[in-house]
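Take these sequences, add in the hints, and give me the full structure.
Below are the chains, spelled out letter by letter.
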Amino acid sequence: MVIKNKPEAKKTKLKKVAAIKAKPKVEKKPVVSKAKIKTAEAAANGKPRVAIISLTSCEGCQFVLLDLGTRFLELTEQIELVDFRLIEDSEDDGGMLDIVLVEGNPVTKENEKTLLEARKRARTLVALGNCAAMGGIPEMKNYHEGVSTIKHVYKYLQGISNPEIREIDNFVKVDFVFPGCPINGEEFLTYIPELLKGNIPIIPDQPVCVECKKAGNRCLLLDKKPCFGPMVLGGCGATCPSSRAQCQGCRGLRPTGNVGAMRAMLKNLMSDEQFQNMTEIFGLRDDLEERERRDRLTKR
Amino acid sequence: MNIKINHIAKMEGHAGFMASVLDGDVKSAKLQVQEGIRLIEGVLIGREYQDMPLIAQRICGICPVVHNLASIKALENAMGVSVTYETERLRMLLGYAQFIHSHALHLFFLSLADFLDMDSDIELVNKYPEEAKKAIKLREYGMEIVKVVGGRVVHPLTNEVGGFKKSPDREALKEILNKSEDILRTALELGDFFRNIKIPDFSRETEYVSLDKKGEYAVYDGDIISNFGLHISVDKFEANFLELQKQNEIIKRVEHAGRSYMIGAIARVNNNRVKLRANASEYLKSLGWNFPDYNPFHNILAQMVEVIHSIEESRRILLELLNSDLEEVVTRAYTVREGLGVSAVEAPRGTLYYHVDVDAKGYVKNVNIITPTAQFLSNLEDDVAEYIPKILKLKDSEKEKKLRAFIRAYDPCISCAVH
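If you read the sequences in order, they're chains B and W. For the first sequence, the working numbering begins at 5 and goes up steadily by one. For the second sequence, the working numbering begins at 197 and goes up steadily by one.
Treat each hint with caution, since some may be false.
The list that follows gives simulated cross-link-like pairs (lysine-lysine, PhoX-like), each with its CA atoms no further than 25 Å apart [claimed, not checked]:
| no. | chain 1 | residue 1 | chain 2 | residue 2 |
| --- | --- | --- | --- | --- |
| 1 | B | Lys159 | W | Lys561 |
| 2 | B | Lys229 | W | Lys591 |
| 3 | W | Lys442 | B | Lys113 |
| 4 | B | Lys155 | W | Lys561 |
| 5 | B | Lys217 | W | Lys561 |
| 6 | B | Lys229 | W | Lys343 |
| 7 | B | Lys159 | W | Lys442 |
| 8 | W | Lys394 | B | Lys51 |
| 9 | B | Lys228 | W | Lys323 |
| 10 | B | Lys228 | W | Lys333 |
| 11 | B | Lys218 | W | Lys361 |
| 12 | B | Lys218 | W | Lys343 |
| 13 | W | Lys362 | B | Lys218 |
| 14 | W | Lys333 | W | Lys394 |
| 15 | W | Lys557 | B | Lys155 |
| 16 | B | Lys159 | W | Lys226 |
| 17 | W | Lys442 | B | Lys155 |
| 18 | W | Lys200 | B | Lys113 |
| 19 | B | Lys229 | W | Lys361 |
| 20 | B | Lys228 | W | Lys361 |
| 21 | W | Lys223 | W | Lys589 |
| 22 | W | Lys362 | B | Lys217 |
| 23 | W | Lys223 | B | Lys229 |
| 24 | B | Lys271 | W | Lys361 |
Since the hints were derived computationally from the structure, they do not count as laboratory data.
See the structure below:
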């Protein structure tokens, strides 16, 4: 999932999953009443109530927040941090939330429950990073051996929850996405004030190349290094190409990126297999296939 | 009687705890893992070797550097790729920086509140603003190094098989070096604060395993040693240590000679303390421990010792690199070859092992990753089982607090352990 409004992508993904799993549990837009939202705001003595929750993940996106150091601590003064288990032991009071930030994948039953509960309590649900938004590293197994991947790792499989990996928007409505693996701390600080006000920001539709050029980098494509920059949503500060690492699309496709042209251009730099492999790392492959299908339909 | 903790916060990953006690005897004490599986080793099979470091480092958001270092070293060993001296030194610098920022996080933000009887870091920061600033300053020094050398703090980018994609900016390195003296002072001041924290008294003899290298406090490479006389090369690890999965468990435990063992800061300080740099060595002496020291709560102070040592070490490396040609770190051409490679590096939480099998085209045939927490989990549980009788008379809420503190002092990383 890249940004909002991708109902088609959801449908396909669900079909794919449905073939493997009989009953995909999809929560349709849970309705939060206005009265409840009011309660949330009132309870916080004027401060917005925020929870940061982590499903199965490396927790790197939470660390990006913590790594903001004093700037993160300043932010915590403006909000009521209801749940952030990385730094506090106190029990979550279970009340309504203005914003919930969700990191990681729902892998265990407990993860799934946490996610559904969070949606019920929150006015705004935000995906924090690539795993929550696009499936991330754990989704790679979907493209190959699927749930059988487990046989390479474990001898005893009983009692281990091993689902096909699905992005959180297959379970709950997602209002905003902080993209990236990991998220970008500066970008977080840019958009969080808007979110706290109750608005849903829109990340400008521009490629990674804009910031890459601004940074004065030599284009990796000119050096025949396959880089996804032109079709991928910018806002990351072009961190990867600035380190001479190709963009592998962890922030997802740009809404208006010309995927067909990009694919054609990359054919000179990498084989189809290499292209496909690279799109799998950050869960871009299913989004790309969906986009190509949509583009074909529009052409007709 | 059962003691149950649903979820232990302020720890990497998710876990709870459960113990059953009968007439004062601890029948079982177990960490209950609540993390899902990601099957990182499984998804690596069949992929091109270049993908391995960037996928494997995503096992952990706090210590990606060590997964990056260990996977690259294992691949280089598998394919017979050698790198320049400067590359090795720059990688070591990354390793020390990882120690500094991970330890500073754990000893201050994850563990300290336990010894001051507080629940939240917000409370801690309000009560001790100066110390908090110092801890953040140390953390930022470590992160700055990773950012300048690796291109990014969480999931660094530049290090790869054969060297670095890009040499670090000389001016930025100079700036870090200029800061380092002040940072060392800050670390020593924070060290004074930690020396005066009241640490619970508990002790249980165990085997301390760590890397060992002649003439240096081993962090980036070396042989495997223990305080019980073990001394083997890294490629003998799998023959001497047993990794096993018990039914219904998703962390694979590791045993040595049929027993649990301990790794990490406390093990390294015990095994290699004579090789610490001057300030770290002096600080350790000021703690007045008798060696071997078997108090697991001391792990936090051992981390403080390592922060000081790592700052001293980072200064030496920076000085050395600034006097050399930094372009020497840039990746050199190499041949992709079939082979099997192993590696070990000291991660903040203990020795991290990688084993990789690559085919002639560079595709990964097999991978095994053995993380620190998977290794010390059984030792943690054995310790806790012996600790519980000592706190049995306390109120339930107090007991729970003590156990949380105990488990957190170990600095477990459940994300790493499950991967």
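Now for the hints, and whether the structure bears them out:
1. B/Lys159 x W/Lys561: holds (18 Å)
2. B/Lys229 x W/Lys591: Cα-Cα ~63 Å, so violated.
3. W/Lys442 x B/Lys113: holds (21 Å)
4. B/Lys155 x W/Lys561: With Cα atoms ~14 Å apart, B/Lys155 and W/Lys561 stay inside 25 Å; holds.
5. B/Lys217 x W/Lys561: violated (39 Å)
6. B/Lys229 x W/Lys343: holds (23 Å)
7. B/Lys159 x W/Lys442: holds (9 Å)
8. W/Lys394 x B/Lys51: Given that 25 Å is the threshold and the Cα spacing comes to 36 Å, the pair is violated.
9. B/Lys228 x W/Lys323: Outside the cut-off at roughly 55 Å; violated.
10. B/Lys228 x W/Lys333: violated (41 Å)
11. B/Lys218 x W/Lys361: Roughly 20 Å separates the two Cα atoms, so the pair holds.
12. B/Lys218 x W/Lys343: This hinted pair holds, its Cα atoms lying about 19 Å apart.
13. W/Lys362 x B/Lys218: Distance ~19 Å between W/Lys362 and B/Lys218 Cα, so the pair holds.
14. W/Lys333 x W/Lys394: This hinted pair holds, its Cα atoms lying about 24 Å apart.
15. W/Lys557 x B/Lys155: holds (24 Å)
16. B/Lys159 x W/Lys226: holds (21 Å)
17. W/Lys442 x B/Lys155: With a Cα-Cα distance of about 15 Å, the restraint between W/Lys442 and B/Lys155 holds, given a limit of 25 Å.
18. W/Lys200 x B/Lys113: With a Cα-Cα distance of about 20 Å, the restraint between W/Lys200 and B/Lys113 holds, given a limit of 25 Å.
19. B/Lys229 x W/Lys361: holds (12 Å)
20. B/Lys228 x W/Lys361: holds (15 Å)
21. W/Lys223 x W/Lys589: holds (17 Å)
22. W/Lys362 x B/Lys217: holds (17 Å)
23. W/Lys223 x B/Lys229: violated (59 Å)
24. B/Lys271 x W/Lys361: holds (23 Å)
Checked against the numbered hints above, the structure breaks hints 2, 5, 8, 9, 10, 23 and satisfies the rest.
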